[in-house]
Amino acid sequence: MISNKKRTDARSDILFPIIGFIALLLAISFMITLIIDILIDGFIKLKDPSFYTSYPSRFPEKAGILSGWVGTLLVMAGAVFWSLLIGIPAGIYLEEYATKRGIIGKIETIIELNINNLAAVPAIIYGLLALGIFIYRFKLGESILTAGLTLSILMLPVIVVNTREAIRRIPRDIREGAYAVGATKWDTVRDHILPYSLGGILTGLIIAASRAIGETAPLVTIGALTFIAFLPPSPFTSEFPFISLDKIWSVLMSPFTVLPIQIFNWVSRPQADFQINAAAAGFVLLLLTVLMNALAYYFRQKVRRKYIW
Amino acid sequence: MFGTLTFKRALDKIMLAVFFTAGFITIFITVGIVYVLLSDSIEFFKEVSIIEFLTEKEWTPVFATKKFGIWPLVAGTFLIAGIAVAVSIPLGLIIAIYLSEYASTRVKEIVKPTIEFLEAIPTVVYGYFTLLFVTPLLQKVVPELEAFNSLAPGIVLGFMILPYTASMAEDAMKGVPQRIREASYALGATKLRTAVTIVLPAAISGVVAGFILGASRAIGETMVVAIAAGMYPNLTIDPREPIQTMTGYIVQVALGDLPFGSIEYLSIFAVGLALFIIAFIFNSIALWLRTKIREAY
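Chains H and C, in that order, are what the protein sequence lines are. Under the numbering used here, the first residue of the first sequence carries the number 1, and numbering increases by one thereafter. Under the numbering used here, the first residue of the second sequence carries the number 310, and numbering increases by one thereafter.
In isolation and in its complexed conformation, chain H is listed as follows (with noise of 0.2 Å):
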């Protein structure tokens, strides 16, 4: 009886590694069929200079991604901008700043109880959030400015807790060299904190940034047009400065189109021909995520090979 048992046993701990790696090829094995599914759909576009040059059109053979990656990029830029003034701020304040005593104290644990939390919240509940504040409520308009705004917001936790992950690798004794010298709490973050913590930081903002390029719900609820055959307006001009506030906010009040609003406008349209584009845009966004994280990845052990405490 205990033999069989024991014989049972030894066998199936020879069967178990064998079924865990089909199961680890299953998975690996589902991520690259879809690479190579939408690289082999979208092919034919991706080859064709004049798809990354043209607008959207009615003609699924002239249409291209042009509005769709400048929007991208625009409404990017936005949602960087954002997490730079409020994020990564918020992240520093929390792990080198609060003290959790006191009513301040309260007020801390409710900001870190609450970045917890958003990091939860589904993503297309930022899209009504921004449809009813920012468009209904404040007026800002279907425009490249709610996007980034919006983005941002989706982006804070991520940036958060990598914000914090890189400032509580620094150990206590750079703080306490500093203070005894008779550096203030803001000299220190600024001649040691910042700069010993920026490669983590930068890391955090980079992949935050590349999830929320791939997001499409809340946009779509914020109105996202998919049909925009036209640039925003450039803010440069000829004369000094060169650049002219009232076209900056044109820009930032513009329509805007971006990539994955594009493709599924195109994924949801009947003829094959526009989901051949699809694929294509596709398989461009996937790359610039892929791209993203790898660079991300490579930060990520930059930093570790060269502050190692």
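Hints in this document: simulated from the structure, not taken from any laboratory. Hints are supplied without guarantee of correctness; some may be wrong.
[As the list claims (entries may be wrong)] Ranges of calculated distance between the beta carbons of each label pair, as one might list FRET restraints:
hint, chain 1, residue 1, chain 2, residue 2, range
1, H, Ser50, C, Ile336, 44 to 50 Å
2, H, Ile44, C, Pro422, 48 to 54 Å
3, C, Ile351, H, Asp173, 51 to 57 Å
4, H, Ala272, C, Lys376, 32 to 38 Å
5, C, Phe569, H, Pro233, 26 to 32 Å
6, H, Pro233, C, Glu428, 34 to 40 Å
[To be verified] Coverage of chain C stretches by chain H, computed from C-beta distances (three or more under 8 Å per stretch; other residues unrestricted):
hint, region
7, 317-329
8, 521-528
No residue lacks a Cβ here, since even glycine has one placed at the ideal position from N, Cα and C.
The hints should help you fit chain C onto chain H, whose structure is shown.
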């Protein structure tokens, strides 16, 4: 000299205020979400009774006789999330045990980032893949599978949430102290027996937290279901039929032109509120489970 010192101290205070303000502003995001969901839902419930919302079995906001019963949407959402979880838990658990107990460090170093990349693939790309690759493939095996169905999106979401069900479960199992394993080996248990009867129970709250977060992610996922599950509110458990999820409905309405304050506009906030509450419950359970692990060791 004193001037610069005063300046330094003032600057220090100013920077403290700047950083605090940045942190404080983030509270308004949650306040904004709760405010907008509640206030527009209240407007909605002035026109549609909350009893109808919770008891009516049909969701027909665009028909002449409008009916607002949320159950078809909730059922659709949970049907797809259920299929996703049914695919993802066995697969994720096997991968987690394999990675944490059997795989070499080198394999892990390559495999973990790869699995975590499943989360980073844009969901609209998953949607394309589901509609034009997975569904046609399944139609060869599953009889009467319609072009829009809940089976294919469910399966694809099952893979998409592997970073939670496999990767997070593996993290939890890795956290079990090595000495507990050694004790089990010393008693003559094989690796698999140790993994299943010792390591897994010890890590169970973390593993389950991963499963719940995965399920919550599947419930909130939007684009895959909007593209591949159909736009048809359907109170069914048949995974071959087209359905509509809560997120899918929000997208469908948002694609049209929304006059502010119209009943359709308000209805997406009521659906959003229900979705928000469901996600909140799931995440609270997961969070509670994860604090339990910290207590154990």
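(request) Taking the numbered hints from earlier one at a time, note which ones the structure violates and give those numbers from smallest to largest. (result) 2
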